[in-house]
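Sequence lines, in order, name chains A and S. Letter by letter, the first sequence follows residues 1 to 146 in our numbering. Letter by letter, the second sequence follows residues 147 to 225 in our numbering.
Hints listed in this document are in silico derivations from the structure and should not be mistaken for laboratory results. Check each hint, because a few of them may be wrong.
Claimed, not checked - Distance windows between CB atoms, simulated:
no., chain 1, residue 1, chain 2, residue 2, range
1, A, 38, S, 181, 41 to 47 Å
2, A, 106, S, 184, 50 to 56 Å
3, A, 138, S, 164, 19 to 25 Å
4, A, 26, S, 213, 47 to 53 Å
5, S, 177, A, 38, 36 to 42 Å
6, S, 208, A, 108, 40 to 46 Å
7, S, 211, A, 48, 47 to 53 Å
8, S, 208, A, 137, 36 to 42 Å
9, A, 27, S, 181, 54 to 60 Å
10, A, 14, S, 213, 39 to 45 Å
11, A, 38, S, 189, 32 to 38 Å
12, S, 150, A, 55, 21 to 27 Å
13, S, 164, A, 5, 23 to 29 Å
14, A, 84, S, 208, 32 to 38 Å
Using N, Cα and C, we set each Cβ at its ideal position, and we do this for glycine too.
Each chain, written out:
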Amino acid sequence: MKKRKTVFVEGPISPSFIANSIEKHQTKTTIGAHNIFLGQVRADEIDGKIVQAIDYSAYAEMAEEKFHEIRETTFSKYELTCMHIYHSLGKVKTGEICLFVFVSAPHRKVTFEALEFFVDEIKKEVPVFGKEIFEDETHVWKVNKV
Amino acid sequence: MELKVLYFGMIAEATDRKEEIISLEFGGNVDQLQNLLKDKYKKLQHLSFKVSVDKEISSNEVVLSPNNEIALLPPFSGG
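Assemble the whole structure, with the sequences as input and the hints as a guide.
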């Protein structure tokens, strides 16, 4: 049984946090392959205005349950050694990281498949809502392309 | 019966609140709750959302009870 951890972090995910996460795996020597997905906030142009940041909110209790279920499904489908996931809440500026998914396994092939499956499931199943904020403080609500 | 309903994202913006208690007749289902809310908040008629009951996406036929946790969820945009 894998222990249950909290996925949400307040604000952007820093590159040093990601580096530390990689470093922590250096003691796990059955691992031969890591694969990482990073979601970055994009400066989309919508009706002539440029997105400056995304303000994330979530139905946190349901989202944590969904993350847990997707994690369990991913572990049962793919031979992974470990898997970590972090998602931002609150404001994340363009160019900053809002999603960090990290999968590790003895060999590389499953890490590609597991990572793609996991990220796709997150986008479809997890109740997170992104408000795209423009320079003039107006906003639109983001909708994922599935 | 009284139901606690949670609102998120653009739905919370349309209702101008994050949660409230809604009175629905006993034995009412998700569809009846939706109609009541669309009547109360006209903006909901033009918005796309799903209803979750106890943290699972629910179909319109599901019968509600006062201890359910109900939420109106707009399209997801995580990741």
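Outcome of the hint check:
{"no.": "1", "hint": "A:38 <-> S:181: 41 to 47 Å", "result": "holds (43 Å)"}
{"no.": "2", "hint": "A:106 <-> S:184: 50 to 56 Å", "result": "holds (53 Å)"}
{"no.": "3", "hint": "A:138 <-> S:164: 19 to 25 Å", "result": "holds (21 Å)"}
{"no.": "4", "hint": "A:26 <-> S:213: 47 to 53 Å", "result": "holds (48 Å)"}
{"no.": "5", "hint": "S:177 <-> A:38: 36 to 42 Å", "result": "holds (41 Å)"}
{"no.": "6", "hint": "S:208 <-> A:108: 40 to 46 Å", "result": "holds (44 Å)"}
{"no.": "7", "hint": "S:211 <-> A:48: 47 to 53 Å", "result": "holds (49 Å)"}
{"no.": "8", "hint": "S:208 <-> A:137: 36 to 42 Å", "result": "holds (39 Å)"}
{"no.": "9", "hint": "A:27 <-> S:181: 54 to 60 Å", "result": "holds (57 Å)"}
{"no.": "10", "hint": "A:14 <-> S:213: 39 to 45 Å", "result": "holds (41 Å)"}
{"no.": "11", "hint": "A:38 <-> S:189: 32 to 38 Å", "result": "holds (36 Å)"}
{"no.": "12", "hint": "S:150 <-> A:55: 21 to 27 Å", "result": "holds (25 Å)"}
{"no.": "13", "hint": "S:164 <-> A:5: 23 to 29 Å", "result": "holds (26 Å)"}
{"no.": "14", "hint": "A:84 <-> S:208: 32 to 38 Å", "result": "holds (35 Å)"}
In the structure shown, no violation is registered for any of the earlier numbered hints.
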